[in-house]
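Top to bottom, those sequences are chains A and B. So the first sequence is numbered by the numbering used here: it starts at 1 and just counts up by one. So the second sequence is numbered by the numbering used here: it starts at 1001 and just counts up by one.
If a hint is listed, it holds; no wrong ones were tucked in.
25 Å max Cα-Cα, derived DSS-like pairs, lysine-lysine:
hint, chain 1, residue 1, chain 2, residue 2
1, B, LYS1012, B, LYS1166
2, A, LYS75, B, LYS1347
3, A, LYS206, A, LYS37
4, A, LYS121, B, LYS1344
5, A, LYS460, A, LYS152
6, B, LYS1347, A, LYS121
To be clear, the hints were calculated from the coordinates, so they are not data collected in a lab. Please read all numbers here as calculations on a predicted model, not as lab measurements.
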Amino acid sequence: MGVQQQQTGQETMSDQADIRAGRLPAAAYDANFSDVKPPLDPARAVIEANRCYFCYDAPCQEACPTGIDIPSFIKKIATDNLKGSARVILEENIMGGSCARVCPVEILCEEACVRNTQESKPVRIGMLQRRATDWLMENGRQPFERAAATGKRVAVVGGGPAGIACAHRLAVLGHDVVIYEARDKLGGLNEYGIAAYKLPDGFAQKEVDFILEIGGIEARTGQALGRDFTLSQLRGEYDAVFLGLGHAGVNLLGLEGDDWQGVESAVSYIEKLRQAEDLSALPIGRRVVVIGGGNTAIDMAVQAKRLGAEDVTLVYRRGPAEMSATDHEQDFAQINGVRIRHWARPVRLIGRDGQVREVEFEYTQLDEDGRLMGTGDRFTLLVDQLFTAIGQKFVPDPLKENERDVLEIANGRIAVNDEGQTSLPDVWAGGDCTPGEDLTVAAVQDGKIAALSIDRHLSK
Amino acid sequence: MADIRCDFVGIKSPNPFWLASAPPTDKEYNVVRAFKAGWGGVVWKTLGEDPPVVNVSSRYGALSYHGMRMVGFNNIELISDRPLEVNLREIKQVKRDWPDRAMIVSLMVPCEEENWKNILARVEETECDGVELNFGCPHGMSERGMGSAVGQVPEYIEMVTRWCKKYTRMPVIVKLTPNVTNILGPARAAKAGGADAVSLINTINSICTVDLDVMAPTPTVDGKGTHGGYCGPAVKPIALNMVAEIARDPQCAGMPISGIGGVETWRDAAEFMALGAGSVQVCTAAMHYGFKIVEDMKDGLANWMDEKGYATLDDFRGAAVPNVTDWQYLNINSEIVARIDQDKCIKCGLCHIACEDTSHQAIAAERVNGERHYEVIDAECVGCNLCMHACPVDGCITMVKVDNGKPYLNWKEDPRNPQNMKAAE
Ligand SMILES: Cc1cc2nc3c(=O)[nH]c(=O)nc-3n(C[C@H](O)[C@H](O)[C@H](O)COP(=O)(O)OP(=O)(O)OC[C@H]3O[C@@H](n4cnc5c(N)ncnc54)[C@H](O)[C@@H]3O)c2cc1C
Ligand SMILES: Cc1cc2nc3c(=O)[nH]c(=O)nc-3n(C[C@H](O)[C@H](O)[C@H](O)COP(=O)(O)O)c2cc1C
Ligand code: SF4
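Chain A on its own, in the form it takes in the complex (with noise of 0.2 Å):
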């Protein structure tokens, strides 16, 4: 899967940065846009499958955040038993479709493989996961029947894959839940966040609108906390509430020239690109710098080169195993063109007419006790756009009013048990907003151990 380039303009300094849309032609951009990695078909899937050894306590399964049974369902792939494959996966794990997509496999359940132990290339879970999941989405229904109804009712902020989760296992459970979501569509970052070469062709709707059929799961959006309602008025009208707010904010460079054109963080960016009509008409740097180390910071910089950006570097601050880009995503942004530079961060934005062309960087290593520090030299990159993606944070101002005292943060996110309550006992929590990794699967592991917490109340 090779980036369509095409030569631009000659080297000059002119005084206008160089932001613009339609570098590549047309068809480059649906050939970079386009599935990344493309599905098995049908026959090397049972190959694949039958590579499985059906392992007892597996360590994928251990390994997968939602506890999927992995044996199990790569067996109903040999045997051509793709619906019941596919059920297996969404019994733990109802976004099994996008997380066969998304998941950084290679630090999650393909680490565990026993096959790594055997032969260094484990059974290829994910691709696998995607077979079923696809398979039934194709060809079938979600596969869930509701309880009987309880005629209790939940309501869920946020439509992110934590707040689905939880409402799709609490519509499961017989519980009536209504979803308030601030922004147009749902989906959260599956929609808005996501490489857009990781869930093409809208699959992130897709994928909503199968989960949704479960039924008994009413969707408000344009609904946001906060600003349209409050905490205590949801408390007040519903049995439960469950919070999958994700992360609202996120952290600034602190440097002069933060807001001028042409800087922006990579989150907001990204967010455009998802939901950009026509690609081509989407602005682009001719030289751009992304500083971060996260895999945002990748996806920003490959989607940037994807773009038709002619010069992409990525810069970090520390060195590369300390990025927290698995190594498999930092090889993907190497193999897509993009320079990434190590020990180095900013120290100074030079602009002109409030737009800003050059980025000053110093070197940095570590010193005595470990900690990051500056050596003094210095280098500077010519910029037309750059991104900054060092880190998104929870930001708790929809919960102010007087929630905020009582529902406890800490560390910057909402505190919850490990059943995913909070601090008030009819509230729950899940995903990026509450502590632990930001992760697709990761939301929606939450989501499902509130929902099922949830429903333990409410049983009472």
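Fit chain B with the ligands to the known structure of chain A by using the hints.
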């Protein structure tokens, strides 16, 4: 380099790998290709009387296992469906062109002395090296009183073999059907009738799969199926046992055996030979992969023989026969236990769950420093080998001998044998 030339009842071939009587040996074109590829000999596809038989369309069924194709194979084909004259002419030509290769002609005609006499006379004219009597085909021909309908009745075998010996000086090999309860009946009958050798096994009665949409067995002919003859890798264990039974039978002693059934590699061939086979015959493996597979059969067999210091096939033929015995003579005092090589273990847990769920609860599943750890509980292990077979890593689980200091004791001598208790009373 080891000498793999083969002399089977006086029939000489440059190697012991013959193609069995089947589609690969049905015409000159195939057989010449086989000889070019290096096969030592062929048993020509079974000839019958004119008019030739007519075959149905849709003929083969197959069993796949975990993505492996044709682990088992079956067919509902009949004998050669070409005119006798054409076959005989081609046989003669090929034998003339390839004098160093074994050319055996398989025959099946109705159970009348005249019929056998007539066809033998015509076959002799081809100057082939011998004949094989097809008493094995389990489908179609058996409904017409031939094939396994003969092979299942020892008296018929003896009678027809005797006729053949009477009417030809060529070596007569009797091909046995495995569709019997005791292979020794037919084998002894062949010997009694004067057979020079036996070859086995022909195919086993089988239904390979059922088409669950059509609701009919496969291969399916216009909505219906019938039982067919089973062969391929899956039948090798059955064939090995039947070969061994004949090889160690005092009444059959010394009768040459051509081993057939699931031979695909030199190792399969060596196993048949260790149990007494003088040559081996191959059908399914060739039908699956083409004739080129013989190259590794020859090369691998010779390399293995070099490694073991066997100069000729005779040096190891039958070497395993003395070690095939009855259960009652096994040493009941011999003990082995499983050993897991922890460095090789990949933590799949299959040894544990196999033993735990279905056997002796002799492999403990533990966590040592959070890591999965599987350990044999010697006191519970009965030495059944199940874990060793279930383990996906070669050499990870081995069975080691327990030095219990006890002498050889077999069941006949064992005081726990109720018959011995009675005797002691
Ligand atoms: C750029 C990027 C790439 C990523 N790539 C991957 C990846 O490849 N693989 C992976 O596993 N993870 C990836 N992640 C992380 C993953 O997307 C998140 O961990 C996951 O989406 C968290 O789910 P959530 O439901 O907690 O939050 P979100 O998906 O953020 O959903 C929260 C929802 O709540 C809504 N909301 C917020 N505030 C309010 C309010 N006040 N009122 C009503 N609704 C509100 C939001 O609009 C949103 O729809 C990526 C994240 C980013 C930013
Ligand atoms: C399609 C097919 C046709 C066969 N036809 C004959 C035959 O005409 N005469 C015969 O003696 N055996 C016939 N056989 C049996 C083979 O010669 C051989 O005994 C049997 O297939 C076992 O060997 P294998 O496992 O190597 O295939 C046939 C087998 C197959 C698969
Ligand atoms: S660890 Fe690998 S081989 Fe074992 S069950 Fe999981 S996928 Fe199969």
